[in-house]
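Going line by line, the protein sequences match chains A and B. Under the UniProt record's numbering, the first residue of the first sequence carries the number 1, and numbering increases by one thereafter. Under the UniProt record's numbering, the first residue of the second sequence carries the number 1, and numbering increases by one thereafter.
Hints are computed from structural coordinates only; laboratory data are not their basis. A hint or two may mislead.
Chain copies aren't distinguished; within one or between two, either way the pair holds.
Unchecked claim - Below, a list of computed lysine to aspartate or glutamate pairs in the DMTMM-like style, where the Cα atoms sit at most 25 angstroms apart:
{"id": "1", "residue 1": "Lys372", "residue 2": "Asp265"}
{"id": "2", "residue 1": "Lys126", "residue 2": "Glu498"}
{"id": "3", "residue 1": "Lys126", "residue 2": "Glu327"}
{"id": "4", "residue 1": "Lys409", "residue 2": "Glu234"}
{"id": "5", "residue 1": "Lys126", "residue 2": "Glu521"}
{"id": "6", "residue 1": "Lys12", "residue 2": "Glu333"}
Keep in mind the model is a prediction, meaning the values are calculated, not measured.
Protein chains: 2
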Amino acid sequence: MRSSQYLLSTVKETPADAEIISHQLMLRAGMIRRVASGMYTYLPTGVRVLRKVEQIVREEMTKAGAIEVLMPMVQPAELWQESGRWDKMDAELLRFKDRHNRDFALGPTHEEVITDLVRREVTSYKQLPLNLFQIQTKFRDERRPRFGVMRAREFLMKDAYSFHLSQECLQKTYDAMYQAYCNIFNRLGLNFRPVLADTGAIGGSMSHEFHVLAASGEDAIAFSDGSDYAANIEMAEAIAPTGERPAPSQQMAEVATPNVGTVADVAQLLNVDNSQIAKTLFVHAATADDAKNTSKTVQLIALVLRGDHELNEIKAEKLAQVKSPLEFASEQELRDLLNAGAGSVGPVNIQVPVIVDHSAAHLADFVVGANKDGYHLTGVNWDRDITKYQVADIRNIVAGDASPCGKGKLEIKRGIEVGHIFQLGETYSQALKAGVLNEAGKHQIMTMGCYGVGVSRIIAAAIEQNHDDYGIIWPDAIAPFQIALIPMNMHKSVRIEEATTALYNQLTAAGFEVFFDDRKERPGVMFADIELIGIPHSIVIGERNLDNQEVEYKNRRSGEKELLNIADIVSILQQRMQQK
Amino acid sequence: MRSSQYLLSTVKETPADAEIISHQLMLRAGMIRRVASGMYTYLPTGVRVLRKVEQIVREEMTKAGAIEVLMPMVQPAELWQESGRWDKMDAELLRFKDRHNRDFALGPTHEEVITDLVRREVTSYKQLPLNLFQIQTKFRDERRPRFGVMRAREFLMKDAYSFHLSQECLQKTYDAMYQAYCNIFNRLGLNFRPVLADTGAIGGSMSHEFHVLAASGEDAIAFSDGSDYAANIEMAEAIAPTGERPAPSQQMAEVATPNVGTVADVAQLLNVDNSQIAKTLFVHAATADDAKNTSKTVQLIALVLRGDHELNEIKAEKLAQVKSPLEFASEQELRDLLNAGAGSVGPVNIQVPVIVDHSAAHLADFVVGANKDGYHLTGVNWDRDITKYQVADIRNIVAGDASPCGKGKLEIKRGIEVGHIFQLGETYSQALKAGVLNEAGKHQIMTMGCYGVGVSRIIAAAIEQNHDDYGIIWPDAIAPFQIALIPMNMHKSVRIEEATTALYNQLTAAGFEVFFDDRKERPGVMFADIELIGIPHSIVIGERNLDNQEVEYKNRRSGEKELLNIADIVSILQQRMQQK
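Whole structure, please, built from the sequences with the hints as guidance.
Written out as structure tokens, the structure reads:
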């Protein structure tokens, strides 16, 4: 591609409204332009990267036995009503009416459509397992779209759905998808980790997220330094402390703690470590049947954590006694129950269930709120001062915690979620009565898996992980062009033009995607653009080097420069790209 | 691909709700399934064909210098308001509000979005010409979607938009697109014709449609049998008869024609040919300014055609005197003006403008309505009996008319429109003020072209053109699989299984897409499915032929069968597919 026949659209200034580096660089490198909030046009450089990511995903899915289909973006309400999600989903599901006043939605995902398809097309166990995927445009009407294509409203996704008659069969496809995802992210040239994940609102039992590691990632991931264990911090188990709990050595005593509310304040006032304080959070209890609960009294539950630990809301929500999604008690509810404010509440002598985190349950002689404004209790001990309580894992892990796998300690890194695999189970197949005749001739509901890759999101994640002060540093596999040719003052030198054109033809014929910068621009402008758009290999063609039949090669990632003989260029570059 | 690992989904019965053969066959061959009116899921066989068509279109567009972009499907109202189409377009433009109550539409086309992009990104004549294309999902809320993907609401389209500073430059890109479209349809293996077309509501000056020829096509196309001339029948010029008009030989006389209304009835009663009758149609006249026209009297215009000719409404609409879109006079309006019904009106002694088709203007001693119910006039002659009239081309051509190119006579064939190229001019660039600095440093509005290919529609058109009683007959280039392997009783014969597997591996390694029918089905079922889905080349592996190291080859299109030596298969098939 010659730049004179291309739409480069690079921008020097950092756009004011782009908060993260990938968004800034995608705008500056001429990859995307905003059409409306969360909606983008991909410019030529953006499309080139997008199509490469798409093709790698398609090839690896196909290799893993998945079959490509294509479902519509616009979906009829009936299917969403059948699954129950028409009413359950919030405004993220963009609903509208067609000209005949029928209800439709823009598809944010396709569980309903695929389950409907499969229940019609698949009638016998002989047709199973089946794993269908598509690469298709989705729409989620995010309340606050931002970060460019990282959280867009309209985006390109690969979604796959598998159908089975047994958990073993589902597990086999799940494992194959796990491996396919590893292959995809390896081929993309990204540093990634699969991590155990929460199955969340979509339901199901087993789930892994695939994260591209980047300091700017919005998710925290816990890694063992002694094994392959990795889990989303929401999921990572904080294991119970080992050894005996110390015996009580103090008497419980009430101390005045006027005007202090936070753990840190109390710790400072009483001259103890944060970890010696037990903080108590009150949340709403689950009710047997919310609809029938006509009493206006809200039942509360006390959650007790060490002062230096944070509540893990996902773990708390999973407790049977706790209302899900989590609701914290209001100041008024606390006052009605305990006659004290949030800064002075504690688990001693209260009439509601108490759930204690493993670490907090290991404390002796600790400090809690006295349920009396401006007072705390010191020297508190479990079993002696609080006799009725339950112990559970309800905190976020912290760096240095023992790994739940039993090997090593946990580290925390940041990641960007680019893939997610789920064992869905029968959530959708039950709702849509999707079953087949099994080997015994009986009708049996299928069990399902689903597997997503954020195709457009991968681009942003790749940039978050691969950039420097000058711009993007593409892995070879998804670079918009692999090689840039930068001729020096070509418009004044026939010799330079001829040498560059010859090299262009040679490299193109060898199958490389070459960007020939034939603009009448100063060398500095050309260098800056090539670095900004992140072409991995560039070749500068100048008069002096041509005298020796040489050109200057520069590697975008290492920054290394070297002189190469023109005759060797093709074979050297072929070698370097194969080594990746 | 082994059929046991595929979703074949063929259907024996012809679906009741599918009216045309391509829709029936796409359903029966397991290519598509209906999700809602005009919305389809592409099953694996459908996706394979769709992706091939898409890739051929992409490659030829790229070769022709167009650059790929990708615009969003959801478009903000503001751009459509700026072009004026937000209010102008009917319900085909599906409008809706997002969660923040902002107006959006599903994109049926992208003139607004691309023009907005280019006015921001392109500032100098140096960046022109520019031709940007995308292959993207469109939505048109058709009032009556039908014929499967032939007229769907959601469909895949390639649309391209070019930008220029001069008509010469536009013409050059237009010509390149014309050639690219010829290349596309040739590579697809389709019998097609580019035809001159009306520019219609989208505006602009020059336009060609690309039609796949098929007896079932909904458009009529006029071809010269003596040249390359082809035009949509809406556009084909009916040239004026040559030679002198015969001199009058009869006196004008009133004859009673009771209870006859149609041309054929009158001709029979008076014992003359249909072509000797001049029929008169009355339409509304264009008014200088409709908004200011407060008079309730509608002005009429008389259009006179030979009795054996049909009015071409598009030609009539283009006349300055005629209201566009065309409105025919009501029975009451005729009676108010002429005191006669539609079956008895004529151009003699009337007070409204008369526009006569060239052929009708060449008549002498002809018959017209007498403007008196139940009476006609015979022996009517131009200039003598009707003195004030204008001559124009306002009829549809008929087979046998002289070609307007001057060579040969016209034939009429049916076609399916699959591509359309337009010289848009400044319609959108003016509305959106899309200009650049020209060579003189002055701001100049760009001129535009636009170029569409109905990617998913091509599939239906290809089937309309290529099928027989047994199913689809794919051209090699877009067949879902190129070769089918049909083993006889494989599940009872290890030898057959081994031979078929070896052949499968060999053909796959040679780069062919092979469908290995490894189902436990009767041969008849397998043959029927392979013919239905239209795989061009099939190979039957049977015990007896294996004794001679042979297999049976069958060509889907010709139906010819022959025995081939297994050792030669790869080279023979390579040769046959290259010859295409």
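Quick rundown of the hints versus the structure:
no.	hint	verdict
1	Lys372 / Asp265	within (17 angstroms within a copy, 106 angstroms between copies)
2	Lys126 / Glu498	between (63 angstroms within a copy, 22 angstroms between copies)
3	Lys126 / Glu327	neither (47 angstroms within a copy, 61 angstroms between copies)
4	Lys409 / Glu234	within (17 angstroms within a copy, 78 angstroms between copies)
5	Lys126 / Glu521	between (64 angstroms within a copy, 13 angstroms between copies)
6	Lys12 / Glu333	neither (55 angstroms within a copy, 67 angstroms between copies)
When each numbered hint is compared with the structure, violations occur for hints 3, 6.
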